[in-house]
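Residue numbers (this note's numbering), protein chains in the order written: chain Z, 373 to 491; chain H, 75 to 179.
A portion of the hints provided could be inaccurate.
Unchecked claim - Pairs of lysine to aspartate or glutamate residues, derived as DMTMM-like cross-links and limited to a Cα-Cα distance of at most 20 Å, are as follows:
1. Z/Lys415 - H/Glu178
2. H/Lys115 - H/Asp90
3. H/Lys115 - Z/Asp373
To be verified - Rough simulated footprint, nothing fancy, chain H against chain Z, three-plus residues with beta-carbon under 8 Å:
4. 424–435
5. 447–454
Don't read these hints as lab results, they were simulated from the structure. Idealized CB from N, CA, C, for every residue including glycine.
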Amino acid sequence: DVQLLETGGGLVQPGESRRLSCAASGFTFSSYVMSWVRQAPGKGLEWVSSISGSGGSTYYADSVKGRFTISRDNSQNTLYLQMNSLRAEDTALYYCAKDGPLRFSFQNWGQGTLVIVSS
Amino acid sequence: IQMTQSPSSLSASVGDRVTITCRATETISSYLNWFQQKPGKAPRLLISAASILQRGVPSRFSGSGSGTDFTLTISSLQPEDSATYYCQQGYSPPCTFGQGTKLEI
Numbered sequence: 373d374v375q376l377l378e379t380g381g382g383l384v385q386p387g388e389s390r391r392l393s394c395a396a397s398g399f400t401f402s403s404y405v406m407s408w409v410r411q412a413p414g415k416g417l418e419w420v421s422s423i424s425g426s427g428g429s430t431y432y433a434d435s436v437k438g439r440f441t442i443s444r445d446n447s448q449n450t451l452y453l454q455m456n457s458l459r460a461e462d463t464a465l466y467y468c469a470k471d472g473p474l475r476f477s478f479q480n481w482g483q484g485t486l487v488i489v490s491s
Numbered sequence: 075i076q077m078t079q080s081p082s083s084l085s086a087s088v089g090d091r092v093t094i095t096c097r098a099t100e101t102i103s104s105y106l107n108w109f110q111q112k113p114g115k116a117p118r119l120l121i122s123a124a125s126i127l128q129r130g131v132p133s134r135f136s137g138s139g140s141g142t143d144f145t146l147t148i149s150s151l152q153p154e155d156s157a158t159y160y161c162q163q164g165y166s167p168p169c170t171f172g173q174g175t176k177l178e179i
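With these hints in hand, go ahead and build the complete structure from the sequences.
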């Protein structure tokens, strides 16, 4: 079974940094595009970033471009999201998602890790 | 590419047929996915490529459309279908979601 386990969330002050991790198991990690999707409290889903299987291609939402960096370690089956210059509006539950049969179709999701940006 | 769902919310009864629409601001071919999310849970992929039902999803769910206009239909509503439904385009990044449709039974 596919399993995705996000860690790294917590309370962060505005302007600070945080790195999220997503440990993957149950599939050939390097074969799939992986993504981060977030959901602010009581709000809808917002795609944040995606990375190709090799890590050679990355994509970002305009709202995080230049501040967030997605990466992956295929030897460790782990996806990362480095978040810098955090803002209050980055407060959200951050989900890790594995691609499905088509590109950018989020077939499997973790349970999420909550990031709260507040002073 | 912006995705607009309608309605934003609806209330229906068990056994009803329900349709949710999703419109893209430009053509996305069939790169349209539908998700179901229940409170406190991660989203669940129901339909990919506009009409391909995912394994384990009940056959009362169906999707159609291509280009810019898409629909999600639940043919006979069940109590467990109470959830928020999102469309999402996978045609090109940024991979935008619709704002969601909250379905109450």
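- Which numbered hints does this structure break? Of the numbered hints, 2 and 5 do not hold.
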